[in-house]
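If you're matching them up, the sequences are chains B and C in order.
Residues 1 to 348 (the working numbering) make up the first sequence, in order.
Residues 1 to 447 (the working numbering) make up the second sequence, in order.
What the hints contain is simulated information worked out from the structure, not anything from laboratory work.
Cβ atoms here follow ideal geometry from the backbone N, Cα and C, with glycine treated the same way.
Mixed in with the good hints there might be a few duds.
Computed cross-link-like contacts, DSS-like style, restricted to lysine-lysine with a CA-CA straight-line distance of at most 25 Å [unchecked claim]:
1) B/Lys97 - B/Lys69
2) C/Lys222 - B/Lys50
3) C/Lys5 - B/Lys39
4) C/Lys153 - B/Lys50
5) C/Lys393 - C/Lys5
6) C/Lys84 - B/Lys50
7) B/Lys54 - B/Lys168
8) C/Lys222 - B/Lys197
9) C/Lys368 - B/Lys209
10) B/Lys273 - C/Lys84
11) C/Lys222 - B/Lys92
12) C/Lys221 - B/Lys196
13) C/Lys84 - B/Lys197
14) C/Lys355 - B/Lys209
15) B/Lys215 - C/Lys417
16) C/Lys417 - B/Lys313
17) C/Lys422 - B/Lys215
Selected chain C positions facing chain B (Cβ under 10 Å, derived; list incomplete) [what the hints assert, rightly or not]:
18) Gly102
19) Ser106
20) Met244
21) His303
22) Gly350
23) Asp362
Stretches of chain B that chain C covers, calculated by requiring three or more beta carbons in the stretch to come under 8 Å of a beta carbon on chain C [as the list claims (entries may be wrong)]:
24) 121–133
25) 140–150
26) 231–242
Now for the letters of each chain:
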Amino acid sequence: MSRSCKSLFVFALFLAPTVALAFDHYAGVGRQATPAEVKAWDIDVRPDFKGLPKGSGNVERGQELFEEKCASCHGSFGESNEVFTPLIGGTKPEDIKSGRVSGFLTGDIPQRTTFTKVATISTVWDYIYRAMPWTAPKSLKPDDVYAILAYFLNLAEIVPGDFTLSDKNIAEVQARMPNRNGMTTDHGMWPGPSAKKGGIGNGGVPDVKNVACMKNCKPEVQIGSTLPEYARTAHGELADQNRSFGPVRGTRTLGPEAAKKAADAGTLELATKSGCMACHGIKSKIVGPGYNEVVARYQGQPDAESRLVAKVKAGGQGVWGNVPMPPNAHLKDEDLTTLVKWILAGSK
Amino acid sequence: MGDIKQAGRLRPAPENFLSAEQITAVGSGRRDFLRKSFLAAGAALAAPLAARAADGDPDILNLPPWATSLGLPVATNPYGMPSKYESQLLRRESPGLTRVGGASVSFAPLQGLFGIITPSGLHFERHHQGWHDVDPAKHRLMINGSDPAFLKKPKVYTMDELMRLPSVSRIHFIECGANTGLEWGNVAVPTVQYTHGMLSCSEFTGVPLKLLLEDCGVDYKKARYVLAEGGDGSAMTRTIPMEMVESGEVFVAYGQNGEMLRPENGYPLRLVVPGVQGVSWVKWLRRIEVGDQPYATKDEAIHYIDLQPSGLHRQYTSIQECKSVITTPSGGQTLLSPGFFNVSGLAWSGRGRIKQVDVSFDGGINWKTARLEGPIQNKALTRFNVDWVWDGKPAILQSRAIDETGYVQPTYGQLRKVRGTKSIYHNNAIQSWKIVEGGEVSNVQVL
């Protein structure tokens with residue numbers, strides 16, 4: 001190391017004793033982010049409201065926005081469980097006092113809605129702003145988020161109907177969140193330092209203990225639960241979810257008839273995916289003939305299958321009229337054969 | 001068992017050349033059938049190429065087309081695909097589990113996989129707002145501080161730049177925190193694909209996050225937490241302790257099993273947080289923020305929180321504790337016949353290496369130590385195997401893993417005693433597979 005280099009090194013150490021030495025170390029790699037770039041992406045809002053944009057919105061405006069942008073999936077009152085668990089419901093006025101949703105204590109809770117669980121209002125603000133509406137994320141303005149959140153808070157009976165939520169009063173609302181005292185970090189599953197050392201949790205001490213007994217470990221085997229019959233068949237034909245050779249086979253759960261039905265459903269799917277169903281109905285003409293008409297015309301002709309495979313592949317016109325079928329040469333031969341066989345067998 | 005066709009098994013004459021119906025016909029005195037079949041056998045003798053089953057396995061005696069014809073040329077499939085005979089092993093959804101495919105999961109077919117590496121195309125999926133095929137030329141990674149004092153210089157890196165930096169390649173498992181979550185209360189699903197299939201293991205390649213943070217001049221004294229954020233619609237965010245980053249374990253990955261990440265797995269950049277549940281391995285990673293507090297994001301304040309019998313939810317539960325499962329044989333399979341089997345499965349721990357796996361064939365009364373396939377790696381899947389001769393009688397198979405910290409995988413009874421049945425997340429109980437006389441294997445829970 002040359003003298004000047006050495007002194008530089010010492011200088012760097014002296015300047016920044018707590019900062020690692022590899023700062024700006026990789027020539028030609030990375031550049032400083034501009035303030036506008038950081039502003040565009042740094043959208044997170046913390047529980048202490050660091051990162052929360054200024055703004056406000058009231059319950060009424062929130063209801064309008066929610067009806068327009070959110071209710072189709074979440075239900076007008078945030079109650080829908082069609083798409084996922086509902087947003088609102090399950091909290092009681094006394095929960096606002098205690099900060100613990102009592103349903104979790106008594107077990108009397110029909111559904112774990114967003115507002116029964118969440119302890120931090122920042123979480124909901126942050127999430128709506130970054131991710132909702134689901135199909136058009138990051139399209140809301142801060143004032144929209146304040147308004148929608150005000151509407152939620154009113155539905156959950158945390159704030160009155162004439163309430164305006166803003167960056168100024170959001171901390172007061174935090175103090176009324178029904179499950180604000182409902183979280184614990186007293187566990188061993190945080191991969192950082194313990195709460196005692198300024199981190200989270202107990203420092204990784206497991207809560208459940210087993211011992212590795214090897215012989216005569218218990219007098220009898222106690223079965224707690226077995227697979228319900230409906231669950232055996234709810235996941236389709238298990239025989240088809242395992243290799244057809246090897247030490248085991250998948251258990252046949254649906255039987256050959258159901259398996260055929262599933263395979264036929266698969267062929268309809270293949271026909272749809274391959275674009276055939278845009279021009280052919282199973283029982284009706286669309287652009288091309290209905291498959292029932294095809295069956296009727298070719299019944300009893302032993303070479304129908306091979307002829308039709310060739311025709312579908314090459315396309316063509318004249319048999320049913322002047323409208324041509326475009327070529328389907330992009331499809332695999334085996335798929336074409338499957339499709340034609342399925343059509344000739346009645347598309348069932 | 002009876003209806004399973006097994007190729008290559010020789011059966012003694014005369015069943016070899018008489019069909020079941022013909023045998024019944026003979027038994028019932030209709031001898032014309034017999035005469036016909038002897039005629040057929042005579043014809044077979046006369047044909048020099050068609051071998052008689054009586055002489056041995058026709059699949060040996062009659063050479064197959066692939067032994068007697070020319071195969072396909074190189075690069076017929078420029079990107080090779082599995083054999084057409086492997087079409088059963090696919091990622092699958094659990095019907096009724098979720099309502100929309102964009103906020104759902106598909107499970108890896110563990111029942112048919114070998115070793116520890118998950119083929120990239122079968123890696124389990126969990127998306128919150130669908131997946132995209134992100135253009136790598138337009139992808140950026142930004143690193144900033146929640147406070148300017150935490151980082152000397154917020155920076156932006158392109159993929160070109162990230163891929164110039166010193167890289168590491170490491171094999172790690174990734175498991176969704178909700179894996180086996182359907183089974184907290186009772187048996188709910190039939191096969192290991194659905195009980196344990198939110199689990200995969202890959203070799204990932206990328207740049208240690210530590211290196212990037214230091215390149216930006218991070219102040220480790222002040223910044224004790226890291227927020228990772230995705231570049232997709234959900235802009236998924238999760239908090240990670242700085243200790244893990246400082247240890248060098250956490251890295252931003254672009255490579256997966258020798259190629260780039262798959263789009264479903266975060267192409268072109270995802271975070272790898274070894275031993276921690278999959279939700280923290282943020283996909284399509286666009287931003288890292290260093291800060292002095294945890295962030296209580298939606299997926300650490302509304303979801304991925306574990307409800308305890310006390311009515312409290314555990315927050316920031318991240319480590320995937322030691323767990324194992326037998327994959328062959330497993331639920332929804334049927335054993336071919338009594339006799340020898342190589343019982344095989346997977347073990348893993350978010351706290352380090354697997355030390356030992358024991359297997360029981362009697363529901364946990366007696367245990368036998370399994371062979372571990374090496375090298376045993378840190379926070380990676382470990383394959384175990386054990387010899388077993390099935391006597392054709394009912395049995396209950398279990399595996400129990402122990403990691404290098406000495407932690408022993410718990411029973412359902414032990415786990416529920418502490419955590420109840422409503423936790424959803426972090427079910428690492430011992431899995432049991434019951435085998436009945438016919439050979440059918442099914443999912444049961446032993447307390």
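Checklist entry - Which numbered hints turn out to be false for this structure? => result Going through the list in order, the structure violates hints 1, 3, 6, 11, 13, 16, 17, 19, 25 and respects the others.
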